[in-house]
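Since chain A is already given, all that's left is putting chain B on it; use the hints.
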Amino acid sequence: MEGEMLKGHLDMIVLAALSAGPAHGYAVIEEIRRRSGEAFDLPEGTVYPVLHRLEQSGLLESRWVTADSGRRRRVYTLTRRGERALTERRAVWRQFSDAVGGLLAAPRSKGRTA
Amino acid sequence: MIPQYLDSLCDPLRFDPALSRCVRQEVEDHLRETVAADPTDDRLEAQRHAIANFGDPRVIAAQFAAVSLSRRSRRVGAGVIVALGTVFIAMKARVTWFAAMQLTMSDDWRAATGIALAIDRYAFWFSVIVGIAGWVYVDSLRVPTALDPAYRRQLRRYFLICATATSALGVTVICDGIMTTFRLLGTELSLDHLIPIVSMAIELGCTGTLAVHLRRMARRAPSGLSAG
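Residue numbers (the working numbering), protein chains in the order written: chain A, 317 to 430; chain B, 2 to 229.
If you are wondering where the hints come from, they were derived from the structure by calculation, not from laboratory data.
Backbone N, C-alpha and C define an ideal beta-carbon position, used for all residues, glycine too.
One or more hints might be untrue.
If the Cβ cut is set under 8 Å, some of the chain B residues that face chain A in the computed set are [unchecked claim]:
no., residue
1, Asp30
2, Arg33
3, Val36
Chain A extracted, bound-state conformation (with noise of 0.2 Å):
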């Protein structure tokens, strides 16, 4: 899928990825990756800068816990206001996309009048 085209909707998907539950940046990725069918190939590093900017605005909160291997990890949830904001988004989505949709379609023939 066309890069730009994702970027646009990159807080979206990340939103919808942690709707599964709390996650740490690796398996969010690895969410993405598996939901949208493999379909998504961005550059791994651009989700944690989104990671960052949805927990400064509100829509996500973080914690720091120490995984198996011994690693320092950051733990991301979604806050209530995050999930009330994905609501919303799927909301814009669905219509935007059946919008889209309609467009798109192969125009249905007209009977030609002589």
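Frame of chain A, contents of chain B only:
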């Protein structure tokens, strides 16, 4: 290979040491996990893949920088409002104290400080209006996905607004200092002077701290980062 990559990502973020440390830890965890999940036996090749998939460190650093600058700008905006409120309280406390202690100025001094009083009032309310306008402006800015030229321009505009508010506040504090000195001149130093002196120290502290923060932000702004 991973440490070098982390250096090239985190070095441009040194203007925000906490963010730089956090990004290093978070990205290192990601890269190590990616390498561990790579099916190839060649660890070096796995590291190379992980780094290539992560992306250009300069572009990612610019994205982080935009988030950091946005957070810092909002903090400065809130700092301006807090400083203005604190200076206002300190001024009112001092005036109330002067009235309670009946520490009035002689007519000669009153005439001489008339201009200072007018400048003081106008400068203070000017700084309040500009400070609030700056806060509203920075709050309305959308955090961009990268540190692009348009966002840099918006931030420059915002710093100019903050610098104007801080300068006007500085003028107010100078005028306050002149008038307080004239009021206390000729009186013997006693505990009664504590409130005016402490309130002046608070005003000076607030304005000085604000000026130092603004100067530090302007100097630390990551000029080398581009949106990519």
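Comparing the hints with the structure gives:
1. The interface hint given for B/Asp30 is met, as the beta carbon of that residue sits about 5 Å from the closest beta carbon of chain A, less than 8 Å.
2. Against a cut-off of 8 Å between C-beta atoms, the interface hint on B/Arg33 holds, since the closest Cβ of chain A lies about 7 Å away.
3. Interface hint status for B/Val36: violated, as the beta-carbon distance to the closest one in chain A is roughly 11 Å, over 8 Å.
Hint violations for this structure: number 3 only, all remaining hints satisfied.
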